[in-house]
Amino acid sequence: MADPFEVRMRFTNQLRQLNASVTSAQKAAQYALKHHEMGEDLHSCILEQLEKNNMNTRANIMYFIEHFLDLAHKESQPQYISLMQRDIIRVVDAVAPEDGTGIANVKVARKVLQALSVKNFLERELAGQIEEVLKERYSAAQDLALMSSPSNGNGDEDNGNVPTPKSRVGSGGAGAGGGAGSGGTGGKKIKLDRKQVEQRIEEDRERHKRQREVIWAVSPENESELNKLWEETSELGEDDKRMCEEEWEEWEAAMGAGCGHLEGEVVNGKHDEGGGKV
Numbered sequence: 001m002a003d004p005f006e007v008r009m010r011f012t013n014q015l016r017q018l019n020a021s022v023t024s025a026q027k028a029a030q031y032a033l034k035h036h037e038m039g040e041d042l043h044s045c046i047l048e049q050l051e052k053n054n055m056n057t058r059a060n061i062m063y064f065i066e067h068f069l070d071l072a073h074k075e076s077q078p079q080y081i082s083l084m085q086r087d088i089i090r091v092v093d094a095v096a097p098e099d100g101t102g103i104a105n106v107k108v109a110r111k112v113l114q115a116l117s118v119k120n121f122l123e124r125e126l127a128g129q130i131e132e133v134l135k136e137r138y139s140a141a142q143d144l145a146l147m148s149s150p151s152n153g154n155g156d157e158d159n160g161n162v163p164t165p166k167s168r169v170g171s172g173g174a175g176a177g178g179g180a181g182s183g184g185t186g187g188k189k190i191k192l193d194r195k196q197v198e199q200r201i202e203e204d205r206e207r208h209k210r211q212r213e214v215i216w217a218v219s220p221e222n223e224s225e226l227n228k229l230w231e232e233t234s235e236l237g238e239d240d241k242r243m244c245e246e247e248w249e250e251w252e253a254a255m256g257a258g259c260g261h262l263e264g265e266v267v268n269g270k271h272d273e274g275g276g277k278v
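UniProt numbering puts the first residue of the sequence shown at 1, with every later residue one more than the last.
Just so you know, these hints were derived from the structure itself, not from any lab.
Mimicking EDC-like on lysine to aspartate or glutamate, the simulated pairs with C-alpha atoms at most 16 Å apart in a straight line are:
hint, residue 1, residue 2
1, 119, 70
2, 107, 204
3, 27, 75
4, 34, 3
5, 111, 131
6, 107, 131
7, 107, 66
8, 27, 66
9, 107, 203
Label pairs and their calculated CB-CB ranges:
hint, residue 1, residue 2, range
10, 124, 244, 51 to 57 Å
11, 208, 243, 36 to 42 Å
12, 204, 136, 20 to 26 Å
13, 86, 139, 25 to 31 Å
14, 135, 9, 35 to 41 Å
15, 244, 128, 52 to 58 Å
16, 248, 34, 57 to 63 Å
17, 230, 114, 30 to 36 Å
For every residue, glycine included, the Cβ atom is placed at its ideal position computed from N, Cα and C.
With the sequences and hints as input, model every part of the structure.
This is the structure in structure tokens:
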């Protein structure tokens, strides 16, 4: 059996190195599934990294969760799904905190929640309730950004008494571990690191590119691609027949010019009135 401490450290490093690529998510997910006997410990690693890292890493982990639960379901390891269902409120509070610092992650959290709900990894009612709270947080964070502008009309800076968003996931603030949502910013202006912003833009661009590729993908089962082409192809008409004849004549001319020993065959290979070769 592998050393538990080493397993935790390796999985933690993999979570920190997550990016927009599918490869990084697959590597971390497969590692966790391989060491499923330490499922509770590895799940706690996910929660810890969500609460400790910057917002970009939290967004990457949120996307990873969807991929991870997909693989866990395919590999018949429901313990990871149950653990995530238990702590989903804590996860959302970490990815998109109520203090407004995670406004860029609200859409990420909502997107993943919708996907988990569609795949029956989460109850639709719970996912809907969390999504409503996320909408409130997004609106409140936008209002907070406007109210905490450098000037309050008299040329003075804001005094920091701007109310922070208090919408909390779950009824009465209950739920798994309050973690990231416990402390407000007191209306202070959120300063974003330029490097993190550029990294986020690049990762979002990569995800959108992959999403467009998935949209056009056709399932290989039941000859779906063949049926799609058949439905989109128009009926054969006179113009199509004429085009085929012209292309055939061009091919004959090209073959005759390039291969002298085939000249006799090309001459004898004219079409009959029905469009076929004599």
